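Assemble the complex: chain A is given as a structure, and chain B must be docked to it using the hints.
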Amino acid sequence: MLSIPCPWCGQRDETEFSYGGEAHIRRPDDPFTLSDEQWADYLFMRKNTMGRHREQWFHAAGCRRWFNVERDTVTQRILISYKTGEMPQGNGA
Amino acid sequence: MSNAVHAYISQTDKGELIIGAGIDTYNGYSHKGSFPVIEDTLEAVVELSPMFSRLRMLRSWAGIVDISPDACPIVGKTPLDGLYVNCGWGTGGFKATPGSGWVFAHTIANDQPHPLNEPFSLERFSTGHLIDEHGAAAVAH
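The listed protein sequences correspond, in order, to chains A and B.
Under this note's numbering, read the first sequence as residues -10 to 82, first letter to last.
Under this note's numbering, read the second sequence as residues 3 to 143, first letter to last.
Check before you lean on any hint, since a few could be wrong.
Claimed, not checked - Straight-line Cα separation of at most 30 angstroms, DSS-like style, residue types lysine-lysine; simulated pairs:
hint, chain 1, residue 1, chain 2, residue 2
1, B, LYS34, A, LYS36
2, B, LYS97, B, LYS34
3, A, LYS72, A, LYS36
4, B, LYS34, B, LYS16
5, B, LYS16, B, LYS97
6, B, LYS34, A, LYS72
7, B, LYS79, B, LYS97
8, A, LYS36, B, LYS79
What the hints assert, rightly or not - Some, not all, of what chain A presents toward chain B, calculated at C-beta under 10 angstroms:
hint, residue
9, CYS(-5)
10, GLN27
11, TRP46
12, THR62
13, ILE69
The set of hints was computed from the structure by calculation and includes no laboratory data.
These numbers were taken from a predicted model, which means no experiment stands behind them.
Heads up, the beta-carbon is just placed ideally off N, CA and C, and yes, glycines get one too.
Chain A with its partners taken away, still in its complex shape (with noise of 0.2 angstroms):
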């Protein structure tokens, strides 16, 4: 059971989160302006990381917020929480 540190209601259960994939993909300026190629690797292509990954969680069952976690996908040991808008330093992908 992963314990994930919400950065609003401290430490619950991953049972009250949902998943929201890797974080940090910026939605394109201007989508007209892209190829299909490049529409593609926006909504489709992920990094699928083995080791430190950030990603987005969903408080589902809490404050109903979104935010970001290094998680360790080998460990499943997770390293940092922080709020969406938020980039700290380090190692995660």
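For chain B alone, coordinates are given in the frame of chain A:
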């Protein structure tokens, strides 16, 4: 197997029950499987067969499944000459192995896909021709 509660059970020659399974909602390489998924699976099994609640759990394990964005396999050519992929089968694939092997061999031998696997190309994610078969197995995947 039950589609209503999503559980699989089969008995080994020694008498043990093999029970499965679900997938974690988040990606990982820990080969453990999360406790909520194990709990959900056991709940389903006990709902289906209440007498199994008296069994002892011997061990649990998890594998890694490769799931594509539309949850359908990718079988075909790649942008590199001579490199072909047959992947992304997710939690399925065992039953499709003979058929996928057959069309994959055709793809390699002719350097072009068989009509059956043509829609399962890598390019479908950029052309937008995704395959809408996520519910085809009638169980939650």
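Right, here's what the structure says about each hint:
1. B/LYS34 to A/LYS36: Distance of about 21 angstroms is within 30 angstroms: holds.
2. B/LYS97 to B/LYS34: Given pair B/LYS97, B/LYS34 holds - Cα atoms ~25 angstroms apart, limit 30 angstroms.
3. A/LYS72 to A/LYS36: holds (21 angstroms)
4. B/LYS34 to B/LYS16: holds (24 angstroms)
5. B/LYS16 to B/LYS97: Cα-Cα ~25 angstroms, so holds.
6. B/LYS34 to A/LYS72: holds (28 angstroms)
7. B/LYS79 to B/LYS97: holds (22 angstroms)
8. A/LYS36 to B/LYS79: holds (21 angstroms)
9. CYS(-5): With a minimum Cβ separation of about 15 angstroms from chain B (threshold 10 angstroms), the hint on A/CYS(-5) is violated.
10. GLN27: With a closest approach of 9 angstroms, the A/GLN27 hint holds.
11. TRP46: This interface hint holds because 8 angstroms falls under the 10 angstroms limit.
12. THR62: holds (5 angstroms)
13. ILE69: violated (16 angstroms)
Violated hints, listed in ascending order, are 9 and 13; each of the other numbered hints is respected by the structure.
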